[in-house]
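Construct the entire structure; sequences and hints are all you get.
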Amino acid sequence: MVVVIVGTIGLLQELHNFFGGHKRHSVFLELQKTENQGRLRSLKRVSDTTRSWRSVEDGVNTLLDCYTVVLLSLEKMKEVSIDAATVNSASGLVTRMHDLRNILCLDILRCLYSSVMQFEIIVKVYSKHSVSNYYSFLY
374 MVVVIVGTIG
384 LLQELHNFFG
394 GHKRHSVFLE
404 LQKTENQGRL
414 RSLKRVSDTT
424 RSWRSVEDGV
434 NTLLDCYTVV
444 LLSLEKMKEV
454 SIDAATVNSA
464 SGLVTRMHDL
474 RNILCLDILR
484 CLYSSVMQFE
494 IIVKVYSKHS
504 VSNYYSFLY
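Numbering (this note's numbering), first residue to last: 374 to 512.
Honestly, I wouldn't trust all of these hints.
[To be verified] Quick list of simulated restraints, FRET-style, between CB atoms:
| id | residue 1 | residue 2 | range |
| --- | --- | --- | --- |
| 1 | 477 | 406 | 24 to 32 angstroms |
| 2 | 376 | 407 | 22 to 30 angstroms |
| 3 | 411 | 375 | 32 to 40 angstroms |
| 4 | 426 | 393 | 34 to 42 angstroms |
| 5 | 457 | 380 | 21 to 29 angstroms |
| 6 | 393 | 438 | 14 to 22 angstroms |
| 7 | 390 | 441 | 19 to 27 angstroms |
If you are wondering where the hints come from, they were derived from the structure by calculation, not from laboratory data. Virtual Cβ for every residue (Gly too), placed ideally from N, Cα, C.
Put into structure tokens, the structure is as follows:
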């Protein structure tokens, strides 16, 4: 399971790198406009040097929120690009995005981050009240 999670996080970074080019990014933004996505989003960087749980969480949420548009953008580049590297990369990324293991892993990560955030809130609230109750007991 850890290998799948690492692979899915790697997919997030590969998508960020792929759409980092001006032409590719403009295709992604244009399709967001035509698909009525609301505010325009950019895929998040989650490389080894910046990998924190928060950056991975942002990357997962952004990809899941824009999942259809990312797939449409990749499909469009497969069809219209004359650059073989772009076509091959887009094709490989589409295959990985359709992989059920990656889809499930993205959903599991989203649920996990949501649960962790709720747990952190509970701990902060509880510890704040516990400390204040403790001090009031002492004095």
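Worksheet entry | Ascending list of hint numbers which this structure does not respect | Checked against the structure, the hints that fail are numbers 2 and 4, while the rest are satisfied.
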